[in-house]
Amino acid sequence: MICLISGCGGQPEFSHSEKFQTLKPYAQIYVDQVLDNYFGSPSDMVAWDKLPLELHYGQGTVVEASGRMLTVELQAPHAEITAGTEVLWDSGILNDKDSAWILEWDEAKHQAKLESPLATNPEVGDAVILGPGQILATGRMLYAEHCQHCHGVAGDGNGPTAPYLNPRPRDYRKGIFKFTTTQSSKRASREDLSRIVEDGIPGTYMPSFKLLTEDEMTSIIEYVMWLSMRGELENQLIGLLADSYSVEAVEDRIAGGDETSDTIHQEFIDAVNDPDSFPFEVDTIVSRFTSEWVSSQEPDAEVQPLTPRTPSSDESIAKGRELYLKPSLKCAQCHGEAGLGDGSQTFAVSKDAAGQDNLTPGLYDTWGNLVKPRNLHSGIYRGGRRPIDLYSRIYAGIKGTPMPAFSSTLLRKSNPEDSGSEMTDEDIWHLVNYIYSIPFEDVKAGQGGSSIANPVKDANTASEEDSEEVAVN
Amino acid sequence: MFARFQLQFVLLLTVAIFSGCTPQFRREKTEVKSASDVVIHFDDLSSSNNSEETPDEAATPATTPTAGNESTTATTPKKEMVAATTTSKPDVAKQAPTTTGYTGPAKFVGRVVVKGDVPLFSALLAKGAATKDMFCSEMAVPNETVISKDGGLGNVFVYMKKAPRKGVPEYSGEPFVVNQKGCIFIPHAQIVRVGQPFILKNSDPVAHNVRYNGFASQFNDTVVSGSTDGLTKVIEFPERLPAGMVCDFHNWMSAYVLPVDHPWAAVTDADGNFEITNLPEGKWDFVIWHEKALYIERSFKVTAAPNTLIEKVFEVNASKLSQ
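Going down the list, the protein sequences come from chains A and B.
In terms of this note's numbering, the first sequence opens at residue 1 and continues consecutively.
In terms of this note's numbering, the second sequence opens at residue 1 and continues consecutively.
Treat the hints as calculated values from the structure; they're not laboratory data.
Some clues are possibly wrong.
DSS-like cross-link-like pairs, simulated, lysine-lysine; straight-line CA separation at most 27 angstroms [claimed, not checked]:
no., chain 1, residue 1, chain 2, residue 2
1, B, Lys233, A, Lys351
2, B, Lys201, A, Lys326
3, A, Lys174, B, Lys233
4, A, Lys351, B, Lys201
5, A, Lys413, B, Lys181
6, A, Lys19, B, Lys162
7, B, Lys181, A, Lys326
8, A, Lys19, B, Lys292
9, A, Lys174, B, Lys161
10, A, Lys413, B, Lys201
11, A, Lys351, B, Lys292
12, B, Lys320, A, Lys174
13, B, Lys127, A, Lys326
14, B, Lys161, A, Lys19
15, B, Lys320, B, Lys292
16, B, Lys292, A, Lys174
Which residues of chain B face chain A? A few of them, derived with a C-beta cut under 8 angstroms, are [stated by the list, open to error]:
no., residue
17, Thr222
18, Phe249
19, Tyr295
Label-pair ranges, simulated between beta-carbon atoms [claimed, not checked]:
no., chain 1, residue 1, chain 2, residue 2, range
20, A, Asp352, B, Asp285, 26 to 32 angstroms
21, A, Asp243, B, Val168, 19 to 25 angstroms
22, A, Thr71, B, Ser172, 50 to 56 angstroms
C-beta atoms are modelled at their ideal positions from N, C-alpha and C, and glycine is treated no differently.
With these hints in hand, go ahead and build the complete structure from the sequences.
Here is the structure:
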């Protein structure tokens, strides 16, 4: 692809993941080919239908077509279709023929007036794609403008601004996002991602983007997910190849005595060309994360409280505090008895992913960054301050961090004596009420009686609509 | 699940955009590549003059710094080629001798032993050591590197690298239980079948969490203290290497779990022995891996046929265990 506009600087490139360099050169080339074929480059992107993303403005079938008029039935929902939108023929006699272009669009009738009359009319039922790949392309533009300098071209969290930030911008390539309202085993939902982008992450450099239109937001989120999938495929594929074709693995194998550099290389080539080998593995990797992303969008992936929020009261807050300090729950071990984020685990030496001791004591996230348990006195919640946000953090944990899901521990029978009684989640609500009250505590958590500044009122107002009230104070 | 061959019917649309300056879109038909165009094919080794360095002319990585000068695109020193040819030996597959006189389905048995002076491993948590949950040090937490008196190495994973495409027996066994007892994961090293219910229990009076850190999937849950019913999890995806499992409350606690999509996997017992039975006929690659020694074998070849017994002792240098 040639940049048509000269003098506009170098084309952005997707940078490789760290482990890429450990591979033998032929394995590196294969990784590049796979990524290039299914994802392209930032300036020449490939919209791959296998990915569960909304990449086009709309998709549908021909209802009626003649001359300059085209009526289509679109799968809902679709993005705004405007003059100049491309109509790509996806099946039928026009398949592979030149696209048509929309001059006027009647949204009510789903009817288009085309720029020029059709030479051949498509059949009723032929598949059409409106604005093919346009969502991705728009997402890419907006991402380059707003997000790239922190999150990096490849979504590796390594943009030019990133080295100066703590916490670091998220690296999307693991497919893991921290602040979700989905079950502990699920990924982020689209709503989770768009909420983060809209509200930002308070207490970090992740800004809020409130001025994006709905269609712009959709484009950015699809693009973030697309980058995440690209990065995950890269990481997983490198992991797979590194087992046998990293420089180190090849050395090991040669030292074993029966294999030579040539036989190993030949084996690699055979595996690339054997549809049952690497191509199958690539397909397996993609199918796995695709199905995970898809299932995470379904309603039952969402954290759904069993009961409405227990109203905040002195009693509920006291119960919450008791739970917080309960040795069997261990909130205090990370967040500290006083909730200052300085529990004993922040001083303990933990192990990294390879099982080696981390140099600096404390807790680490999946990306290998030191993470501090939140100081609960600050009243700043990165994942949002709605009751459901705090509820989800406790229920499903914070993904990719040591903070575990507490659903299995905190859901209990409403009557402990009666095993037939219903399950209740009121303990989670007590904890939520307590967390809301901590910033107003005069005394440290776990000490003395309750001298909390009007917690009932404040905690109750911490609802979706007027959350600012509590944040100020 | 997605059908394997769906790939063949997938449409690829290329969207060209030019960024870095004013957004500008191509005003032509968006290019449509059919799936057959994207089949990635590498040249035969024989057809390329230098196997190590020019695998495929079509495939030049975008990052090759020397682009434009073909004769200097070599990234691997020549030295390696030489070394490779001098170490080449007649084509004897790295294989254990098979024992004659055995009848029954193919069986792969063996032992992993430590060679050299075995280092002294101190307990991970000494008896009576000061720790926030004093309960945990009522009994010492032993080091997890298990070596028997005569040098057998326990907790070594021995498993078929890749399941055969066909003929893998369905899993229909019992759920598998990991208990946390005395602030130790029991068992420490375990194979699970993908989809096999996996019950996490906690017999301790203190809370534990279980953070499973696989490459393909992860979870992190708390397990109620004294929980006898436990918490049931299902690991849905196989891993290529055993995945670590830790408790973030007690840093010495660790375990390894290997989810596999076939039954041909085992963990060595405290004497270092393993046995894998009912191997299907064919030539299979086995991985042998230990948490400290890491790879003992990356791909050990086993040729299985009815009435064959494959026996092999694997040696691990003691120095690899002390890291």
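Any hints from earlier that this structure breaks? Give me their numbers in increasing order, please. Going through the list in order, the structure violates hint 12 alone and respects the others.
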